[in-house]
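Same order as they appear, the protein sequences are chains Y and H.
Following the numbering used here, the numbering of the first sequence begins with -16 at its first residue and continues without gaps.
Following the numbering used here, the numbering of the second sequence begins with 30 at its first residue and continues without gaps.
If you are wondering where the hints come from, they were derived from the structure by calculation, not from laboratory data.
Treat the hints with care, as some may be off.
[Said to hold, decoys possible] Okay, the calculated beta carbon distance ranges per label pair:
1. Y:Gln90 with H:Leu395: 55 to 61 angstroms
2. Y:Asp0 with H:Arg444: 55 to 61 angstroms
3. H:Asp77 with Y:Leu176: 26 to 32 angstroms
4. H:Ala381 with Y:Leu86: 53 to 59 angstroms
5. H:Glu175 with Y:Gln35: 30 to 36 angstroms
6. H:Asp77 with Y:Leu55: 44 to 50 angstroms
7. Y:Leu55 with H:Thr49: 45 to 51 angstroms
Heads up, the beta-carbon is just placed ideally off N, CA and C, and yes, glycines get one too.
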Amino acid sequence: MNAREEILASIRKNLGDPPALQGGAAPSTSQAKAAVATREERLQEFCRKLRQVGGSTEILTSTKEASAALDLLFEQSRATRLAISDSPLVQEVVRGLGSKVQLIEAQAPRSELLAAEVGFTSAQWGIAETGSLVLASDRERHRLVSLLPPIHVAILPVQQILGSLDDAMAKKTGRTTTIITGPSRTADIELTLVVGVHGPRQLHVLLLR
Amino acid sequence: MTGRKESFATAARRALSDETLRGALRSATDLFSLRRQEAIDGVEDWEDLRQTGRRIKAETLSRLDQYLEQFTRNAQAQGTKVHWARDGEEACRLVAKIARDAGAKKIVKSKSMTTEEIELNEALEKEGMPPVETDLGEWIIQLAKEKPSHIIVPAIHKTKKQIAELFASKLQTDPSANEAELTRTAREFLRREFAQADLGISGVNFAIAETGSFLILENEGNARLTTSLPRVHVAIMGIEKVIPRLADLPTFLRLLPRSGTGQQLTSYQSIIGGPRHGAGGEGPIELHIVLLDNGRSALLRQSTTRQALACIRCGACLNACPVYQQVGGHAYGSVYPGPIGAIITPQLPQLAGLEKALELPFASSLCGACRDVCPVKIDIPEVLLHLRSTITAERRSRVEHLAFRVWAFLMGGRRRLLWARRLGRLLQALGLLRLVPPFSIWARARKLRPLAPKSFSQLWTRNTR
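Work out the full structure: start from the sequences and follow the hints.
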């Protein structure tokens, strides 16, 4: 018997041959959270929750405004190297930038991405319950762009803000999905909170009406 | 009791006399408990959540073989390579082979208690492939060549000053650096490691049978880096980590961060569904997962022991335990300390041989604080009592056995009891009672006058004449 057979046999023996699952898993006993009603309420809750964990939010009504917001950020942080994902929305905002920044594409070599100061991606969904962004890797190349640079800017259309974690799981995006709730942090030294460890130290979310 | 019980006691005494350690533990466990309570206060159906978590785990464990097979099928369909390991040694051999076959020159690792259990780092070091820990707390103890003392905050026993001095001696940094500066040092150093890493090793918090994907929770971002930068990713998980459906995940995402660190959610959850997909994809080209038994399947036999497998490794029981709060993790002599450690260390063969393993179920006052905070409602005191019974049955102490025989004899007849009481009062009056075991153990630190001048039955007889 190989390892798999031995382990499964050990499990079955110790369980006393359990009854088989009838056509797939038993129905879920999890409770779905009551949906936060309107889109406006979800938007407000999303902003509140994200701010609580140290993220910043800005509500905008056009990609032009988004470009302006990014320009301001470059000015304030004196950043000149911008990594971008392959999202069409991101590309549109970048085309409207006034600042002179060096653009680094998502498929650039690791060393270039490591040198970027700002990473700009979109997010597939937001979650109002927790103030989280959901990044689905099969929809956009943003896994490293959202992680390596010390500042992460994400643009999210407000109609993509879901109510709860349950709503997010129901999307079943397949492949790899990352849920981001605020900037990176640690409390490993005397439980003192330090923001900005290996992931970004700043998270800015631009919400597009 | 035999001399064995003394070694946990010795370790505990040593910890108790370490003022720095006690200060660090006190502030950390107080803060954790406070944050947990605040986080829970914001949840109106916390008890329902716990019950749901417990039910999902119970259902999964009752059909563990089928869920593991479902997970394997679905994972393989995404291109993930699934390996099975009967014990720690087999798991280490598998990982070493994957690393060798991949020609890995630089291995980075995110936090995984399972890899501590099987001593993976040591095994890989022996093969000339030392992994670099990237979680800040784990990196600190790797530099200090110590074992973790908590399952969530491995360096909880160290003060900021000690950490600054450690960095100063190993990395020539400022010995008076503050937390932010120390963290920045770690970030810069480890970023250089990440830049070259070609193999990443991680643990798993939950594996989802329905999709063949698995979830890793973290705050720092090092697990995301470990699992997306290198060419090859190897994940290691205990077989009990599987859950049936994606729809089950929110329950645990609501339970675990609140219980562990008092957060609503940790900064990042990575749900990893497979290796890089197609030319435009991101992430590792090879994804491996090792399913580890190492004694877990045996715990399924009895419902009392099976519940220990429901553990989601939040650490809440450690923070609540009055024993852990005083002595910290190292006194337990196991990578799993505290209440959960006391029930799994003696039951997992790889750990049961540790010096203090069989004492751990006795290192408890059975106060039940752990049971009250456990997010999946493991009745830890029930398991502790069960283990005390099985351990005592196997390692009968002659002295204790004799003592109970004597006690049974004395209690067996009224006249015998009266004479024993007279003898006891005489010894007490002469100050000699404290020499008689088990009174002698009690008397080491307490006053000892258990026998009243007149017994209740004597007073009754006198007053009702």
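Verification of the hints:
1. Between Gln90 of chain Y and Leu395 of chain H, the C-beta spacing of about 58 angstroms keeps the proposed range 55 to 61 angstroms intact.
2. Between Asp0 of chain Y and Arg444 of chain H, the C-beta spacing of about 57 angstroms keeps the proposed range 55 to 61 angstroms intact.
3. For Asp77 of chain H and Leu176 of chain Y, the Cβ-Cβ distance of about 30 angstroms falls inside the hinted range of 26 to 32 angstroms, so the restraint holds.
4. In this structure the supplied range 53 to 59 angstroms holds for Ala381 of chain H paired with Leu86 of chain Y, their Cβ-Cβ distance being about 58 angstroms.
5. For Glu175 of chain H and Gln35 of chain Y, the Cβ-Cβ distance of about 35 angstroms falls inside the hinted range of 30 to 36 angstroms, so the restraint holds.
6. Between Asp77 of chain H and Leu55 of chain Y the beta carbon distance is about 45 angstroms. The supplied range of 44 to 50 angstroms therefore holds.
7. With their beta carbons about 47 angstroms apart, Leu55 of chain Y and Thr49 of chain H fall inside the hinted range of 45 to 51 angstroms.
Against the hints set out earlier in the document, no violation occurs for any number.
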